[in-house]
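Asks: Sequence:
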Amino acid sequence: SSDLSKDLFASWKGEAAQLPKISTEQQALPSRIYFIDFPGSPQSYVYIAKVITPKKNPSSFLLDIANTKLGGGTSAELFDQLRLKNGYTYGAYSNVLAGNRDNRFVAASNVQADVTAKAVRLFKDIFTEYPYKYLTPEKFQETIASMKRSYALAYETPADKLKVLTEISDFDLAPDFYIKNETLLNKV
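Start counting the sequence shown at 63; every next residue gets the next number (our numbering).
Hints listed in this document are in silico derivations from the structure and should not be mistaken for laboratory results. Note that the structure is predicted; figures quoted are calculated from it, not measured. Errors might be hidden in some of the hints.
[Claimed, not checked] Once the Cα atoms are required to be at most 25 Å apart in a straight line, the calculated SDA-like pairs of lysine to any residue come out as:
1. Lys-223 <-> Phe-239
2. Lys-180 <-> Phe-123
3. Lys-249 <-> Pro-199
4. Lys-112 <-> Gly-102
5. Lys-186 <-> Lys-249
6. Lys-180 <-> Leu-146
7. Lys-180 <-> Glu-200
8. Lys-249 <-> Pro-220
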């Protein structure tokens, strides 16, 4: 493919294009709520997002730790409260989404339309009470133990190793970032 591109574009002349410098800093916008009504729809989609620190920031790993028990899977609080205890949805999750410019915390769920207001209130209550009610010392230690087990598998397959290398490349992370995160887990 390299030879083909050289053959096709060898006759092109001119100066290299000047690319504009794009800021990687995100500005947090004021909180807003949007409701889009689709009359007769059986479900509502609840999507909550917040701008967060870039993945390159060493404290971003702390967000991963906090999110694990909040909404990182079926054993997390969002799933437990919205699905298991209240039956509002088939699933509710949250994620720490990192990119080169777009870094967000996102929590989302499809909920039954007739319980939309209750579900949104429950999301808010869980977020507000999370550090006090849901992240008890015992649950925190369970979260750390679970993350340690997942870190033990981080280099198990070639695909796993490629994922780590891709993160290093994509986010300009230190080559030992994974080891530093694992060390942090062991200190907690």
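Asks: Compare the distance between the alpha carbons of Lys-249 and Pro-199 with 25 Å, and conclude whether the hinted pair is satisfied.
Replies: At roughly 15 Å apart (the allowed maximum being 25 Å), Pro-199 and Lys-249 satisfy the hint.
Asks: Given the hinted pair Lys-186 and Lys-249, is their alpha-carbon gap at most 25 Å?
Replies: Violated. Lys-186 to Lys-249 sits at ~31 Å, over the 25 Å cutoff.
Asks: Hinted pair, alpha-carbon criterion (25 Å max): Lys-180, Glu-200. Please report holds or violated.
Replies: violated, 28 Å
Asks: Would you mind confirming whether the straight-line C-alpha gap from Lys-112 to Gly-102 stays at or under 25 Å?
Replies: Distance of about 29 Å is beyond 25 Å: violated.
Asks: Are the Cα positions of Lys-180 and Leu-146 separated by 25 Å at most?
Replies: Status holds; Cα separation ~15 Å.
Asks: Hinted pair, alpha-carbon criterion (25 Å max): Lys-180, Phe-123. Please report holds or violated.
Replies: Violated. Lys-180 to Phe-123 sits at ~31 Å, over the 25 Å cutoff.
Asks: Compare the distance between the alpha carbons of Lys-223 and Phe-239 with 25 Å, and conclude whether the hinted pair is satisfied.
Replies: holds, 13 Å
Asks: Can you confirm whether the C-alpha distance between Lys-249 and Pro-220 stays at or below 25 Å?
Replies: violated, 28 Å
Hint violations for this structure: numbers 2, 4, 5, 7, 8, all remaining hints satisfied.
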